[in-house]
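Trainee: Sequence:
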Amino acid sequence: MTPLEMHATQLMKDVKQGVRPFPRKQKTTEEASSSGILDPTTGRIPTRPMPLPRRKVEFDFSAKFSGSFLAVRPILEKASMEQLRAFERANPILKKMCTPLW
Numbered sequence: 000m001t002p003l004e005m006h007a008t009q010l011m012k013d014v015k016q017g018v019r020p021f022p023r024k025q026k027t028t029e030e031a032s033s034s035g036i037l038d039p040t041t042g043r044i045p046t047r048p049m050p051l052p053r054r055k056v057e058f059d060f061s062a063k064f065s066g067s068f069l070a071v072r073p074i075l076e077k078a079s080m081e082q083l084r085a086f087e088r089a090n091p092i093l094k095k096m097c098t099p100l101w
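Residue numbers (numbering that gives the first Met the number 0): 0 to 101.
Please keep in mind that the hints were generated in silico from the structure rather than gathered at the bench.
Among the hints, a few may not be true.
As the list claims (entries may be wrong) - Pair ranges (Cβ atoms, derived): (1) P50 x T8: 47 to 55 Å; (2) T8 x L51: 49 to 57 Å; (3) V56 x Q16: 12 to 20 Å; (4) T8 x P52: 27 to 35 Å.
Please read these numbers as outputs of a predicted model, since none were measured by experiment.
Backbone N, C-alpha and C define an ideal beta-carbon position, used for all residues, glycine too.
Construct the entire structure; sequences and hints are all you get.
Mentor: Here it is, written out as structure tokens:
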């Protein structure tokens with residue numbers, strides 16, 4: 000058996016066992032740091048950061064409201080007296096529509 004045939008049979012055995020015949024080229028530290036993907040403090044490629052959890056925006060009762068009254072009615076039903084007063088001062092036009100709530 001020639002050396003070339005021996006090498007070919009060894010490659011076939013490796014492929015059957017799941018071994019990569021030609022391993023991937025690993026980037027050197029200099030290559031990785033020059034491309035900006037290496038963390039110099041740990042020497043590893045950093046993982047993707049987790050996104051910040053979304054917080055529900057609180058309704059501002061003292062801001063002028065422009066929109067559908069039906070959209071804001073459930074919020075006003077749960078509001079305190081101080082919040083309703085602030086809403087009334089900021090939106091005097093909607094007071095007539097809000098009379099059942101007071």
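Trainee: Against this structure, judge whether each hint is valid.
Mentor: The hints, checked one at a time:
no.	hint	verdict
1	P50 x T8: 47 to 55 Å	51 Å, holds
2	T8 x L51: 49 to 57 Å	55 Å, holds
3	V56 x Q16: 12 to 20 Å	57 Å, violated
4	T8 x P52: 27 to 35 Å	56 Å, violated
In this structure, the earlier hints numbered 3 and 4 are contradicted, and the remaining ones agree with it.
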